[in-house]
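Residue numbers for the sequence shown, in our numbering: 1 to 276.
If you're looking for bench data, these hints aren't it; they were derived computationally from the structure.
In this text the structure is predicted, and so the values were computed from the model without any measurement.
Do not take every clue at face value.
As the list claims (entries may be wrong) - Within a straight-line C-alpha distance of at most 20 Å, the following computed SDA-like cross-link-like pairs (lysine to any residue) qualify:
1. Lys105 / Gln115
2. Lys171 / Arg128
3. Lys54 / Ala12
4. Lys54 / Lys232
5. Lys105 / Pro164
6. Lys156 / Glu199
7. Lys83 / Ile134
8. Lys213 / Gln6
9. Lys58 / Leu13
10. Lys185 / Phe210
11. Lys217 / Asp240
12. Lys11 / Trp235
13. Lys153 / Gly219
14. Lys212 / Asp188
15. Lys105 / Tyr73
16. Lys207 / Leu183
17. Lys275 / His126
18. Lys267 / Ile134
19. Lys207 / Gln100
20. Lys106 / Arg128
21. Lys105 / Glu80
22. Lys106 / Thr77
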Amino acid sequence: MKKTAQLIDGKALAEKILLELKGKVAQLDRPPGLATILVGNDPASHLYVQNKKKACQKVGIEFHEYLYGEKCYPNITEPEIIKMINWLNKNDEIDGIIIQLPLPKKFDTQKIINQLDPKKDVDGFHPRNKGDVIPPLIEAINLVLLYTKEDLKNKKVVIIARSPIFSNPLKKVLTRNGLRTDLVKPDDKNLKNKLKEAEILISVVGKIHFIKKSMVKSGAMVIDAGTSLISKNKWAGDVDPKVAEVAAWLTPVPGGIGPLTVAMLLKNTYELAKKS
Numbered sequence: 001m002k003k004t005a006q007l008i009d010g011k012a013l014a015e016k017i018l019l020e021l022k023g024k025v026a027q028l029d030r031p032p033g034l035a036t037i038l039v040g041n042d043p044a045s046h047l048y049v050q051n052k053k054k055a056c057q058k059v060g061i062e063f064h065e066y067l068y069g070e071k072c073y074p075n076i077t078e079p080e081i082i083k084m085i086n087w088l089n090k091n092d093e094i095d096g097i098i099i100q101l102p103l104p105k106k107f108d109t110q111k112i113i114n115q116l117d118p119k120k121d122v123d124g125f126h127p128r129n130k131g132d133v134i135p136p137l138i139e140a141i142n143l144v145l146l147y148t149k150e151d152l153k154n155k156k157v158v159i160i161a162r163s164p165i166f167s168n169p170l171k172k173v174l175t176r177n178g179l180r181t182d183l184v185k186p187d188d189k190n191l192k193n194k195l196k197e198a199e200i201l202i203s204v205v206g207k208i209h210f211i212k213k214s215m216v217k218s219g220a221m222v223i224d225a226g227t228s229l230i231s232k233n234k235w236a237g238d239v240d241p242k243v244a245e246v247a248a249w250l251t252p253v254p255g256g257i258g259p260l261t262v263a264m265l266l267k268n269t270y271e272l273a274k275k276s
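All chains should be modelled from the sequences, with the hints used to inform the complete structure.
Quick look at the structure:
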């Protein structure tokens with residue numbers, strides 16, 4: 001009989017967080033406001049936004065969508081996006097602003113993120129954010145690590161990611177928490193050997209079933225934070241399902257890191273609203 005990893009039910013954990021958050025939001029003087037700017041026609045990004053909208057409705061956060069694509073203002077320019085951000089920065093009804101990533105390649109992502117008021121940077125990406133707002137993905141990963149109740153001190157973590165926007169802050173937090181952390185890019189020539197060293201493997205690549213069973217150390221904890229849309233409403237992760245035969249712990253896709261990340265985003269929105 002083949003060994004099977006323990007699957008971490010992120011959806012169930014997220015529902016508990018949202019239920020608690022709903023009670024806290026109800027005690028505020030006004031509903032928190034969360035705005036999202038989405039540019040382009042990426043189907044996965046549009047579904048992410050709808051998932052955030054549904055979660056906001058559950059807890060009583062007002063969700064404001066600004067969608068720019070083939071159906072609405074397809075030729076929006078970078079200065080126009082910056083103008084919209086400046087307007088949202090000054091809007092007292094908006095407590096948090098999301099720039100849905102990835103942006104189309106013609107835009108300077110970091111320049112656009114830099115326009116956010118750090119006090120409304122709900123994703124924690126602004127360079128002036130010194131840990132006041134922890135990025136929701138990092139909070140979600142921390143929750144998963146705590147959930148396992150494993151002794152994590154000095155464990156070897158390998159983060160495989162394309163974008164430093166996610167991987168660099170994650171490395172800082174995990175290193176600060178006493179883990180030995182390395183960053184690896186998907187095109188690394190020695191990728192398989194580096195991944196095999198990981199006692200905790202975190203993948204944020206966004207490539208379907210990129211992480212194979214042969215790349216994973218026996219007994220490792222595998223956190224799949226990469227989601228790709230296969231077809232309408234059908235998702236797949238970075239991690240091949242057969243990895244469950246060698247891993248001790250595994251976050252599934254869907255239903256793992258994704259729902260937890262949304263819950264942490266809403267928690268950040270609530271915290272920013274409380275301060276405003």
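Problem - Violated hints - listed by number, lowest first - result: 7 and 20
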